[in-house]
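Trainee: Next come the chains, spelled out residue by residue.
Protein chains: 2
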Amino acid sequence: MEVTNKYIVIKHHIDGAPQESDFELKTEAFSLSAEPGKNEVIVKNLYLSIDPYQLNRMKNQSSGQLAMDFAGAIIPGKPITTFGVGRVIASGNSEFNKDELVSGILSWGEYSIVKEVGGMLRKVDTMGFPISYHVGILGFSGLTAYAGFFEVCKPKKGEKVFVSAASGSVGSLVGQYAKLFGCYVVGCAGSPKKVDLLKQKLGFDEAFNYKEETDLKATLKRYFPDGIDIYFDNVGAEMLEAAIENMKPFGRVAACGVIAEYTDKGRRASLDMVHVVYKSITIQGFLVGDQMNVYKNFLSATIEPLRTGKLHVLEDISRGVESTPSAFVGLFRGDNVGKKLVQVAED
Amino acid sequence: MEVTNKYIVIKHHIDGAPQESDFELKTEAFSLSAEPGKNEVIVKNLYLSIDPYQLNRMKNQSSGQLAMDFAGAIIPGKPITTFGVGRVIASGNSEFNKDELVSGILSWGEYSIVKEVGGMLRKVDTMGFPISYHVGILGFSGLTAYAGFFEVCKPKKGEKVFVSAASGSVGSLVGQYAKLFGCYVVGCAGSPKKVDLLKQKLGFDEAFNYKEETDLKATLKRYFPDGIDIYFDNVGAEMLEAAIENMKPFGRVAACGVIAEYTDKGRRASLDMVHVVYKSITIQGFLVGDQMNVYKNFLSATIEPLRTGKLHVLEDISRGVESTPSAFVGLFRGDNVGKKLVQVAED
Numbered sequence: 001m002e003v004t005n006k007y008i009v010i011k012h013h014i015d016g017a018p019q020e021s022d023f024e025l026k027t028e029a030f031s032l033s034a035e036p037g038k039n040e041v042i043v044k045n046l047y048l049s050i051d052p053y054q055l056n057r058m059k060n061q062s063s064g065q066l067a068m069d070f071a072g073a074i075i076p077g078k079p080i081t082t083f084g085v086g087r088v089i090a091s092g093n094s095e096f097n098k099d100e101l102v103s104g105i106l107s108w109g110e111y112s113i114v115k116e117v118g119g120m121l122r123k124v125d126t127m128g129f130p131i132s133y134h135v136g137i138l139g140f141s142g143l144t145a146y147a148g149f150f151e152v153c154k155p156k157k158g159e160k161v162f163v164s165a166a167s168g169s170v171g172s173l174v175g176q177y178a179k180l181f182g183c184y185v186v187g188c189a190g191s192p193k194k195v196d197l198l199k200q201k202l203g204f205d206e207a208f209n210y211k212e213e214t215d216l217k218a219t220l221k222r223y224f225p226d227g228i229d230i231y232f233d234n235v236g237a238e239m240l241e242a243a244i245e246n247m248k249p250f251g252r253v254a255a256c257g258v259i260a261e262y263t264d265k266g267r268r269a270s271l272d273m274v275h276v277v278y279k280s281i282t283i284q285g286f287l288v289g290d291q292m293n294v295y296k297n298f299l300s301a302t303i304e305p306l307r308t309g310k311l312h313v314l315e316d317i318s319r320g321v322e323s324t325p326s327a328f329v330g331l332f333r334g335d336n337v338g339k340k341l342v343q344v345a346e347d
Numbered sequence: 001m002e003v004t005n006k007y008i009v010i011k012h013h014i015d016g017a018p019q020e021s022d023f024e025l026k027t028e029a030f031s032l033s034a035e036p037g038k039n040e041v042i043v044k045n046l047y048l049s050i051d052p053y054q055l056n057r058m059k060n061q062s063s064g065q066l067a068m069d070f071a072g073a074i075i076p077g078k079p080i081t082t083f084g085v086g087r088v089i090a091s092g093n094s095e096f097n098k099d100e101l102v103s104g105i106l107s108w109g110e111y112s113i114v115k116e117v118g119g120m121l122r123k124v125d126t127m128g129f130p131i132s133y134h135v136g137i138l139g140f141s142g143l144t145a146y147a148g149f150f151e152v153c154k155p156k157k158g159e160k161v162f163v164s165a166a167s168g169s170v171g172s173l174v175g176q177y178a179k180l181f182g183c184y185v186v187g188c189a190g191s192p193k194k195v196d197l198l199k200q201k202l203g204f205d206e207a208f209n210y211k212e213e214t215d216l217k218a219t220l221k222r223y224f225p226d227g228i229d230i231y232f233d234n235v236g237a238e239m240l241e242a243a244i245e246n247m248k249p250f251g252r253v254a255a256c257g258v259i260a261e262y263t264d265k266g267r268r269a270s271l272d273m274v275h276v277v278y279k280s281i282t283i284q285g286f287l288v289g290d291q292m293n294v295y296k297n298f299l300s301a302t303i304e305p306l307r308t309g310k311l312h313v314l315e316d317i318s319r320g321v322e323s324t325p326s327a328f329v330g331l332f333r334g335d336n337v338g339k340k341l342v343q344v345a346e347d
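As you go down the protein sequences, you meet chains R and P in turn. Mind the numbering: the first sequence is residues 1 to 347 in our numbering, read in order. Mind the numbering: the second sequence is residues 1 to 347 in our numbering, read in order.
Fair warning: there could be bad hints in the mix.
Note that the list lumps identical chains together, so a pair holds whenever it fits in one copy or between two copies.
The calculated lysine-lysine pairs, modelled on BS3-like cross-linking and capped at a C-alpha distance of 30 Å, are [said to hold, decoys possible]:
no.	residue 1	residue 2
1	59	248
2	154	296
3	123	310
4	44	296
5	217	279
6	156	279
7	154	248
8	279	265
9	38	115
10	279	11
11	279	115
12	78	265
13	193	123
14	199	123
15	44	115
16	221	265
Hint data in this document are derived by calculation from the structure and do not stem from the laboratory.
Please work from the sequences and hints to get the whole structure.
Mentor: Next comes the structure, spelled out in structure tokens:
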């Protein structure tokens with residue numbers, strides 16, 4: 001059986017902040033049968049993960065650094081891969097059967113063909129949670145937050161934690177993990193509404209709107225008069241500079257994302273390395289792909305508070321494949337609150 | 001018995017590169033007897049350690065960060081403390097006896113009174129090595145190099161190591177430890193003579209004169225076509241930026257010193273944090289004072305190669321207390337080759 005598959009491509013490489021006009025909706029005739037003898041699975045996409053790092057994959061890769069093994073360069077005119085959840089429609093792989101729910105590397109479209117299935121797909125046990133949770137909190141956003149906080153930052157109870165982009169997919173979970181663990185947590189975000197959410201719903205001790213602050217170094221001094229033990233950095237640039245100057249001795253910075261640089265590669269963090277040396281600060285970059293070994297620990301630490309409502313889920317869901325470009329572009333304007341998803345179809 | 005003690009002070013706080021005119025020679029009547037009942041030791045200074053970080057202690061401390069517990073602010077007109085080796089002349093402390101050789105916190109002068117002796121002095125067993133070695137290679141320079149390389153960088157055999165200020169007191173040892181351990185080592189220094197020394201005498205695989213390079217990023221790419229595993233950073237600023245861009249995945253940076261910033265606090269390292277995240281780089285500042293627990297390991301790793309001549313000692317010795325300001329000022333012009341010392345007196 002054949003259908004028409006709608007999918008999104010970039011028209012050209014993107015430099016700077018993305019615009020909706022950088023994207024294009026395409027249609028193609030799409031076979032819903034797996035080709036006999038081929039190790040491929042046909043998936044009907046349900047939810048797609050929309051993440052800032054994907055912008056780096058859309059850039060001209062001549063600098064050679066921005067595409068990774070598990071998330072290669074995005075080529076103009078070609079399908080855009082992303083993490084997502086869908087239902088198997090047809091399978092040429094004996095591990096996957098029709099109608100099974102799977103998560104893995106799908107594409108910005110209504111349907112995906114997953115070729116060379118090994119490692120690219122896994123079955124989803126919903127455990128009674130909404131399907132969308134398996135893209136965000138129980139997917140890579142959750143694992144990134146968990147591993148970044150516990151494995152990279154190595155927190156101790158009572159430590160003072162600062163989280164930037166704290167209402168985002170990862171930051172909102174880092175702050176909650178830190179609170180559940182017994183830390184003092186301050187977050188920053190980009191609107192009064194987000195700040196309220198952090199304090200009222202997610203239980204952050206304090207939160208501030210960075211757009212209202214003119215001297216971030218002084219702001220952090222105000223919220224952390226005795227200094228910061230842990231900074232979970234999703235943004236880079238001035239916020240990282242200010243955090244470094246406010247770190248305590250033996251402070252740790254988990255460098256998870258650099259959204260400031262993604263849209264402007266000149267917006268670097270101009271670090272006062274004297275602080276780094278004199279306060280024995282550690283700055284550690286990490287990728288979630290290297291943290292799969294803690295996946296089980298992550299699940300056991302997450303499922304219980306999720307069931308009991310101690311861990312709150314922030315989802316920001318757009319509907320329909322056509323909404324994908326605007327969903328993505330909005331990330332860089334701070335439109336999203338929590339995990340940005342596109343629901344491509346009802347299950 | 002009383003003598004005249006010559007000693008050096010700063011006339012005023014120093015901002016920027018130090019000049020000899022910032023210093024002043026003073027004389028004072030100095031008693032060679034320990035005051036009865038006081039826990040103090042009178043020491044005749046022999047060798048004084050001259051180190052770049054002391055400049056930070058000479059600055060106006062209003063920023064509050066640059067003086068440390070073990071090395072407080074240097075006050076205009078007052079004695080300048082430093083690490084050194086000397087002979088006990090008189091002692092009010094039962095642990096120390098006349099004529100014993102001691103190392104510890106002495107001052108830029110001919111004599112020191114060490115008050116509240118606990119932790120400030122220790123007896124020196126020369127183990128047959130020259131006295132000066134106990135200020136440098138067997139003192140904090142050696143421990144800094146050893147702990148910074150082995151404890152902070154956690155090297156593996158065969159890894160590619162880059163060392164800046166490689167002919168300096170710490171860098172020259174880091175490179176040699178790395179070679180003895182089985183790494184590939186490239187160093188940079190500031191003159192052709194130093195570069196020759198690194199390659200011919202110290203056994204570095206490669207070395208270059210950074211003053212002859214116009215694009216440090218390209219330079220490092222040339223010496224490390226497959227990337228850097230470990231960067232031992234003594235300088236900060238552009239060199240750190242270039243190293244970060246040339247690191248391999250899981251690369252480690254030991255941030256030991258920031259000589260570029262010491263004389264110009266605006267000369268920061270403008271880091272491309274995308275590299276730090278995407279290559280899972282760790283940047284770790286450290287202070288030798290936190291590494292005393294590896295002192296025994298350091299000695300056992302150092303004494304044997306030192307005796308057998310596998311570890312070379314670079315010392316740059318000025319003579320007479322009057323030479324201390326020029327010895328210190330010269331550090332920031334790169335005058336010294338290896339550990340800078342002032343020999344105040346013959347033993």
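Trainee: All hints, please: hold or fail.
Mentor: We went through each hint and held it up to the structure:
Taking identical chains as interchangeable, the C-alpha atoms of residue 59 and residue 248 lie at most 30 Å apart only when they sit on different chains, with a minimum of 21 Å there against 37 Å within one chain. Taking CA atoms no more than 30 Å apart as the test, residue 154 paired with residue 296 passes in both settings, with 18 Å inside one copy and 28 Å between copies. Proximity of residue 123 to residue 310 under the C-alpha cut-off of 30 Å is restricted to the intra-copy arrangement: shortest distance 26 Å within a copy versus 58 Å between copies. Taking CA atoms no more than 30 Å apart as the test, residue 44 paired with residue 296 passes inside one copy only; the shortest distance there is 27 Å, against 63 Å between copies.
In this homomeric assembly, residue 217 and residue 279 come within 30 Å of each other (Cα to Cα) both inside a single copy, at 16 Å, and across copies, at 28 Å. Taking identical chains as interchangeable, the C-alpha atoms of residue 156 and residue 279 lie at most 30 Å apart whether they share a chain (18 Å) or sit on different chains (26 Å). Proximity of residue 154 to residue 248 under the C-alpha cut-off of 30 Å is found in both arrangements, the shortest distances being 15 Å within a copy and 24 Å between copies. Taking the shortest alpha-carbon separations for residue 279 and residue 265, both the intra-copy value of 28 Å and the inter-copy value of 16 Å come in at or below 30 Å.
For the homomeric pair residue 38 and residue 115, the shortest alpha-carbon distance inside one copy (8 Å) is at most 30 Å, but the shortest distance between copies (81 Å) is not. Taking CA atoms no more than 30 Å apart as the test, residue 279 paired with residue 11 passes between copies only; the shortest distance there is 28 Å, against 47 Å inside one copy. When the C-alpha separation of residue 279 and residue 115 is checked against a cutoff of 30 Å, the pair qualifies only between copies, where the shortest distance is 27 Å, while the shortest distance within a copy is 49 Å. Taking the shortest alpha-carbon separations for residue 78 and residue 265, only the intra-copy value of 25 Å comes in at or below 30 Å, while the best inter-copy value is 48 Å.
Taking the shortest Cα distances, residue 193 and residue 123 never come within 30 Å of each other, neither inside one copy (37 Å) nor across copies (64 Å). For a Cα distance limit of 30 Å, the shortest separation of residue 199 from residue 123 qualifies neither inside one copy, at 36 Å, nor across copies, at 57 Å. In the homo-oligomer, the alpha carbons of residue 44 and residue 115 lie at most 30 Å apart inside one protomer (14 Å), although the nearest pairing across protomers, at 78 Å, exceeds that limit. With identical chains, the CA atoms of residue 221 and residue 265 are at most 30 Å apart both within one copy (28 Å) and between copies (20 Å).
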